[in-house]
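*Asks:* Given the coordinates of chain A, assemble chain B onto it according to the supplied hints.
Each chain, written out:
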Amino acid sequence: MKHVIIGAGPAGIIAAETLRRADPRSTVTVVGDEPEPPYSRMAIPYLLTGSIGDAGTHLRRGADHFAKLAVDIRRDRATGVDVGDRRVALAGGGHLDYDRLLIASGSHAVRPPIAGMDLQGVENCWTLADARRVAAGARAGARVVLMGAGFIGCIVLEALAKRGVELTVIEMGERMLPRMMDDVGGEMIKRWCESKGVRVLTGARVGAVSAADGGLELALDSGESLRAELVVCATGVSPNVDFLADTAVRIEDGVLVDEYLCSSVADVYAAGDVAQGPDFSTGERRVHAIQPTASEHGRIAALNMAGGRTRFRGSLSMNVLNTLGLVSSSFGLWMGAEGGETARAADAERFRYLRLEFQADRLVGALALGLTQHVGVIRGLIQTRVRLGQWKPQLLRDPLLVMDAYLDCTRRRA
Amino acid sequence: MHKSLLIDPEKCTSCLQCEMACSFEHEGVFNPAKSRIKIFEFEHGRRAIPYTCTQCAEAWCLYACPVEAISLNMETGAKEVAEDVCVGCKVCTIACPFGTINYNQDTGKVIKCDLCGGDPQCAAACPTGAITYVDADWTGYDRMREWAQKTHSQPSA
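Protein chains in written order, with the working numbering: chain A, 1 to 414; chain B, 415 to 571.
Please keep in mind that the hints were generated in silico from the structure rather than gathered at the bench.
Please note that a few of the clues may not be correct.
To be verified - Example chain A residues on the side facing chain B (calculated, C-beta under 8 Å, incomplete):
1) Ala43
2) Ile52
3) Arg61
4) Thr372
5) Gln373
6) Gly376
As the list claims (entries may be wrong) - For lysine to any residue, the following SDA-like pairs were computed, each having C-alpha atoms within a straight-line distance of at most 20 Å:
7) B/Lys523 to B/Gly442
8) A/Lys162 to B/Lys523
9) B/Lys526 to B/Ala496
10) B/Lys523 to A/Gly53
11) A/Lys162 to B/Gly502
12) B/Lys526 to A/Gln373
Think of the CB as a built atom: it goes at the ideal place given N, C-alpha and C, for glycine as much as any other residue.
For reference, chain A alone in the conformation it holds in the complex:
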C-alpha cells in the first residue's frame, strides 16, 4: 500500500506516524514545500520573542526521527492530483503514485486587497520564513503596525510587544478577537493591551499603504495617517486547495470530508486546516484551523487510510490565547445556542470574565478570561454532554462554580 500525504504540518506528520504503526508494511511519503524540518506554527511567537530557536519549533526531536520510521519526507509542492490514475504531480517535475492520499496542505496567509500591501516592509507572520523577516524588522523602538487582531494577530501581538517595538494594532471588526470573544471579553482585552502601552484601533480600516521616507505610511479610512518601519499582516488565512481545482474533490470552505475524514472521492482523505469536517457542536461541517483538530484529524484519517473504520465524532472549536499576560480561552458555541441560556460573571477591574452557554441542562460553550486553572474541564463538560441537573441553576447564578459542578457531576456518574 502506498500512502502519500500532502503537507508536513501537525496533521500530516501525525498521520504519517499513525500510518507507520497501523500499516507497518506500507510506504509513507510526506510532501512539504517549506525549506524546514516539519515544524509547528504554534511555536512561532516564542521564536519571535527569542525564548526558543528554530529547533524549538520542530514537531519532532532527533534528526533521524523520520528516517527511523521509514517515513519519506520530500521537499516539493503538489501542483495537481489525478484521482483517476491516483497520481500527484509535483512542482519539481516528478510525480507520486498513491493508493491512498491525505490532503493536509494547511492554509496560507491572505492579505486584504489594499494598495501597497506588496511593498517591502509589509510581512505576513504565518511561516517560519515570515517570522524571520518579521524578527529582522521588529527591532526595539521600531514603529510597527499590526493589521488584524484575530487569534493569529493577537498571538503575534504579544511577541511583537515583547520585542520592545512601538506597536499599533488595527482591527476592522468592532472588537478585538471578533471570532473568539464577545463584546465584554474583547473590550477587556483591548483595555488590557492599552494599559500595556499598545495602541489599539478597532472598527478601523487601512485605505492604502505607501512608501515614505524609507518606511511606510498607512492611510486610515478615518483620515489619520500612521508611519511604520514594519507592517505585519494577520488578516486571515485560506486553505491550500488550488492544486485540487481540476479534480472531483468537493470543496466549500475547505475540502469537505465525512466522519471518516474521507473526501467526496474514494481513497482521498483530508485533515487539519484544509479540511472541512464534522463540527461537534452543530453537526455541520466546518473548518476548525486549530492544533487539537489537526492532531485528531491526522490520527483518525490515518487509521482509516490503513483500512480501519474509525469514526470521528466531530471537532470542538476551541482556542487559548495569551495577550501580554492575559490568558483567554473559548470553547464551542460561546456565542450562544438557539433556545439556550447564558451565565456571565465579569470583573472588569481584575480582567476576569467567564461566560457559560447552556442548552437544556448541558454546557455547550464558554469564554474565559483571566482564568487558567482547570479550564480543560469546560471541554470535558461540553464534549461528554454531561447533564448538569441541579447544578445548572447554580451555575446560572454563579458560573465560577463550574469546577465544583464538574467534580460533583462526574463523581456521581462514575
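*Replies:* Just chain B, lined up with the frame of chain A:
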C-alpha cells in the same frame, strides 16, 4: 505493571498535606497554590475531593502538544512535561478534558502531575490514606478511565 494514584475522597480531611508536599517536591516551596494536586471542598468543607491527573491512556495533552514537550515515562506510565521544550502555548490546557494540566504564569510553562518519578509525595504525605499509590488495575482508577473514554462517545440519551 504501572502503579497509579488511588484516591478515596471519603478519607480526605482536607488537611492539604498533599498540596504542600507536591509544591515542595516540584517548586521547592510550601505553597498549595503551586500544587499539581488540588483539594476541592464541598458542602462547606464537609466533603473534600483530592483531584489530579489520572495519567489517562488517551493522553489528550500529549497528542495536542505541537512541539512534543509531553512524553510518556515508560517506567511509571506518567505523562511528563519537558520544561525546556514546552513553549507555553497552553493548547494542552484546553485539550485535557479533566483540566489537570495547567499554566504556570511564573514560569510561562505548563505543569501537571508526573507521579514524582514513581514515588508520589502526595501519597507519602497523606496521613489518612486518602491518597495511595497502588497497582493500576486495582480499583476506582478504572472508573476514571471509563469516564475518560466517554469523551470519545456520543451521548446515550
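*Asks:* Confirm or reject each hint.
*Replies:* Checked hints:
1. Ala43: Because about 5 Å separates A/Ala43 from the closest Cβ in chain B, which is inside the 8 Å limit, the hint holds.
2. Ile52: holds, 6 Å
3. Arg61: Holds, because the Cβ-Cβ distance from A/Arg61 to chain B comes to roughly 6 Å (cut-off 8 Å).
4. Thr372: holds, 4 Å
5. Gln373: This hint holds: A/Gln373 lies near chain B, its Cβ roughly 5 Å from the closest one there, short of 8 Å.
6. Gly376: holds, 4 Å
7. B/Lys523 to B/Gly442: holds, 16 Å
8. A/Lys162 to B/Lys523: With Cα atoms ~17 Å apart, A/Lys162 and B/Lys523 stay inside 20 Å; holds.
9. B/Lys526 to B/Ala496: holds, 11 Å
10. B/Lys523 to A/Gly53: holds, 16 Å
11. A/Lys162 to B/Gly502: holds, 15 Å
12. B/Lys526 to A/Gln373: Cα-Cα ~11 Å, so holds.
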